[in-house]
Amino acid sequence: MTENRFFNEMEAGGGAARAPYAGYAQWFSGEDPRDLLRKSAEAETFFRRIGITFNVYGQKEAQERLIPFDIVPRIISGSEWRLLEKGIEQRVRALNAFLADIYGTQEILRSRRLPEELIARNEAFLPQMVGMVPPGGVYTHIVGTDLVRTGENEFYVLEDNARTPSGVSYMLENRETMLQMFPELFTKMKVRPVSSYPAELRRSLSECAPPNFDGSKPCVAILTPGIHNSAYFEHSFLADQMGAELVESSDLKVVDGKVQMRTTKGYKPIDVVYRRVDDDYLDPLTFNPESMLGVPGIMDVYRAGNITIANAPGTGIADDKALYSYMPDIVEFYTGEKAILKNVPTWRCSEEDSLKYVLDNLKDLVVKEVHGSGGYGMLVGPAASKKELSDFEAKLRAKPGNYVAQPTLALSTVPIMTKKGLAPRHVDLRPYVLVSPGRVHITPGGLTRVALKEGSLVVNSSQGGGTKDTWVLGD
Amino acid sequence: MRLMISHTTTYSYDRPVDYALLQLRLSPRNGPGQSVISWQSLVSGATPQVAYQDHFRNAVELVQMDEGGQTVTITSQGEVETENLNGVIGTGGKVPLWIYRGATPVTTAGPTVRRIAAGAKEALAENTLAGIHQLSSLVGEAVRYEKGTTHVATTAEEAAQAGQGVCQDQAHVLIAAARHLGLPARYVSGYLLLEGQTQQEAGHGWAEVWIDGLGWVGFDVSNEICPDDRYVRVALGRDYSEAAPVRGLRQGDATEELCVSLQVQQ
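As they're listed, the protein sequences go chains A and B.
Each residue of the first sequence is one higher than the last, beginning at 1 in the working numbering.
Each residue of the second sequence is one higher than the last, beginning at 1 in the working numbering.
If we strip away everything but chain A, and leave its shape as in the complex, we get:
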């Protein structure tokens, strides 16, 4: 059943486990599979009880559903993690330097390392951010770098997610669940904890207090679009875990030059807002006047130095998939070093030669929308039907600039627990990165997403993916 062309993270061949999984494999062989299946069912009950569900856009029925959880952990050795950490830190520092440059003197455009149209035609570029240095010089306070693995030492960055990475609540809840179900495993193996993430997030955001803040403990709030947002659970969970206020548009108002929150005792100023509202909806006075989700005047307060907005408005240009293809140059330009983590080779369909190649090889490629996310509007060539391929070809020809294409990567597998025992499934990894002035903190672990369907390479939860607990070993 295991296809050899995919790197299996658990198996070393000949039935032996790869080193990071040795302890787990030994424990597993002593367990009764029926008990483990029963625990799988328990895990689901556990998630339902705490209320972790997920809204899927475009599905009228069963809008709220559970993301399936698999009880077999994804295990990463200490040395593998150190390499990833170095690579991610380098990349995140480069991204921040890039954003500061793009909203500053635009050296990278002057040097002609990047074509001007890439920024000029990027809708996520906000002129309103030009000449504005965000507090502490930080643009991307919270990043979720999507990684995939194709071999022993082969890691690729798939997406940088510099705008609004979601899913960190799953990292925390998956661990909590595993600790409850398999306490003995954690005494046997040295798994680095992830539970300090909310406290680290709070610390990291507090260190980015706005220039005019003169108190000792900044008031941190999470701005949510509200209960109907697909990630509302996460917003309320994080606010609770980190001891921050959870606020909606209707709770906030500009008072005395600050963004303030209505409380039973009057108004209370907010110093740092972790907003989960998109740029366009953030401030109806400056951006989309129809927005009911934002705070009128927050951009004025921001520019005047009275609040910190995390992540900074305009950060989304870094998530553009055409820009992604230039990341190796971007890393080199700002750090003077070669990129440690690999970039997936990317064809920009806006370029005539690339478009021709992509059209000729559509059935072998993954094609993504330049501004898309969440796996929506994407074509996975090898899995697509003839009709899907020809429909997509028409879309590509109509608006080539909207698309980039990448080879189908041979994503590594990690086993999941099935009724027939362990079965390999493809995975990716999203570690969570926190940036404060001068510091990049990466929680040892992250969210492993797993394609539950045999052979499937799409791990997005909106497309039927599940999750696993991710263990980084303390060796």
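These are calculated hints, taken from the structure and not from any lab test.
On a predicted model such as this, the values are computed, not experimentally measured, just so you know.
Check before you lean on any hint, since a few could be wrong.
One-sided excerpt, in silico: chain B residues whose CB lies under 8 Å from chain A [stated by the list, open to error]:
{"id": "1", "residue": "Gln64"}
{"id": "2", "residue": "Lys94"}
{"id": "3", "residue": "Val95"}
{"id": "4", "residue": "Trp98"}
{"id": "5", "residue": "Arg247"}
Derived EDC-like pairs (lysine to aspartate or glutamate); straight-line CA-CA distance at most 20 Å [said to hold, decoys possible]:
{"id": "6", "chain 1": "B", "residue 1": "Lys94", "chain 2": "A", "residue 2": "Glu107"}
{"id": "7", "chain 1": "A", "residue 1": "Lys420", "chain 2": "A", "residue 2": "Glu31"}
{"id": "8", "chain 1": "A", "residue 1": "Lys253", "chain 2": "B", "residue 2": "Asp66"}
{"id": "9", "chain 1": "A", "residue 1": "Lys253", "chain 2": "B", "residue 2": "Glu67"}
{"id": "10", "chain 1": "A", "residue 1": "Lys338", "chain 2": "A", "residue 2": "Glu85"}
{"id": "11", "chain 1": "B", "residue 1": "Lys94", "chain 2": "A", "residue 2": "Glu116"}
{"id": "12", "chain 1": "A", "residue 1": "Lys265", "chain 2": "B", "residue 2": "Glu67"}
{"id": "13", "chain 1": "A", "residue 1": "Lys268", "chain 2": "B", "residue 2": "Glu67"}
{"id": "14", "chain 1": "B", "residue 1": "Lys94", "chain 2": "A", "residue 2": "Glu117"}
{"id": "15", "chain 1": "A", "residue 1": "Lys356", "chain 2": "A", "residue 2": "Asp391"}
{"id": "16", "chain 1": "A", "residue 1": "Lys268", "chain 2": "B", "residue 2": "Asp66"}
{"id": "17", "chain 1": "A", "residue 1": "Lys86", "chain 2": "A", "residue 2": "Glu154"}
{"id": "18", "chain 1": "A", "residue 1": "Lys342", "chain 2": "A", "residue 2": "Asp329"}
No residue lacks a Cβ here, since even glycine has one placed at the ideal position from N, Cα and C.
Fit chain B to the supplied structure of chain A, relying on the hints for placement.
Then chain B, alone, in the frame of chain A:
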């Protein structure tokens, strides 16, 4: 030339307003051809919140209308020393030029704007400055100055089709046409001393177009000239909405009445 300006804007409402924010761009900037000798803004019926410089280096003030109020009065006044630069503002500013090349919703060139632009192509190929002058007169001929036919949100294409509009519309048409021809262009809001009259009806607006070698050069379609020392630049943006003297957001359905009193004199 020393110009004395006094500008009062009053917003009145037929019922109490619970919540309203006003973003003001009313303070003239120091810069080529003008220095601000004195300036002050007074607001009644609203409370100042923050003041800052925006991305175009416009001085911005955010004020909040007092809860339950029915009137806001904003008076800005002062003296500005001006010099005739024949419209040539030159280089400067942090905003990259390409920002001024892209069309905004109101300055998107439609068929009528494109037809006006086409008339200046030949002259432009010879000499950019002469070409823009040509374009400016073409816009003036195509869009006659006529009050009351357009509103603040009228697009360049709509004004061009109607063949009439006010200074804002003429400037938008010129901007849309210039951008269509590949030239960076922007909107300027400000004041103009009209000889022989102290009392002005409204603030003025004109366009600036980027010409390699010269930098930004102002063109006032309405008066068929490049701005001289009778002009005071206050704010700029990609179109009127970004340079507007007042941008507001209000909750509730009160009916608004606007009253402007403006004096510009030597």
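Structure-based check of all given hints:
{"no.": "1", "hint": "Gln64", "result": "6 Å, holds"}
{"no.": "2", "hint": "Lys94", "result": "4 Å, holds"}
{"no.": "3", "hint": "Val95", "result": "5 Å, holds"}
{"no.": "4", "hint": "Trp98", "result": "4 Å, holds"}
{"no.": "5", "hint": "Arg247", "result": "7 Å, holds"}
{"no.": "6", "hint": "Lys94/B to Glu107/A", "result": "13 Å, holds"}
{"no.": "7", "hint": "Lys420/A to Glu31/A", "result": "15 Å, holds"}
{"no.": "8", "hint": "Lys253/A to Asp66/B", "result": "13 Å, holds"}
{"no.": "9", "hint": "Lys253/A to Glu67/B", "result": "13 Å, holds"}
{"no.": "10", "hint": "Lys338/A to Glu85/A", "result": "15 Å, holds"}
{"no.": "11", "hint": "Lys94/B to Glu116/A", "result": "16 Å, holds"}
{"no.": "12", "hint": "Lys265/A to Glu67/B", "result": "19 Å, holds"}
{"no.": "13", "hint": "Lys268/A to Glu67/B", "result": "18 Å, holds"}
{"no.": "14", "hint": "Lys94/B to Glu117/A", "result": "18 Å, holds"}
{"no.": "15", "hint": "Lys356/A to Asp391/A", "result": "16 Å, holds"}
{"no.": "16", "hint": "Lys268/A to Asp66/B", "result": "19 Å, holds"}
{"no.": "17", "hint": "Lys86/A to Glu154/A", "result": "14 Å, holds"}
{"no.": "18", "hint": "Lys342/A to Asp329/A", "result": "12 Å, holds"}
Going down the numbered hints, you'll see the structure goes against none, and every one checks out.
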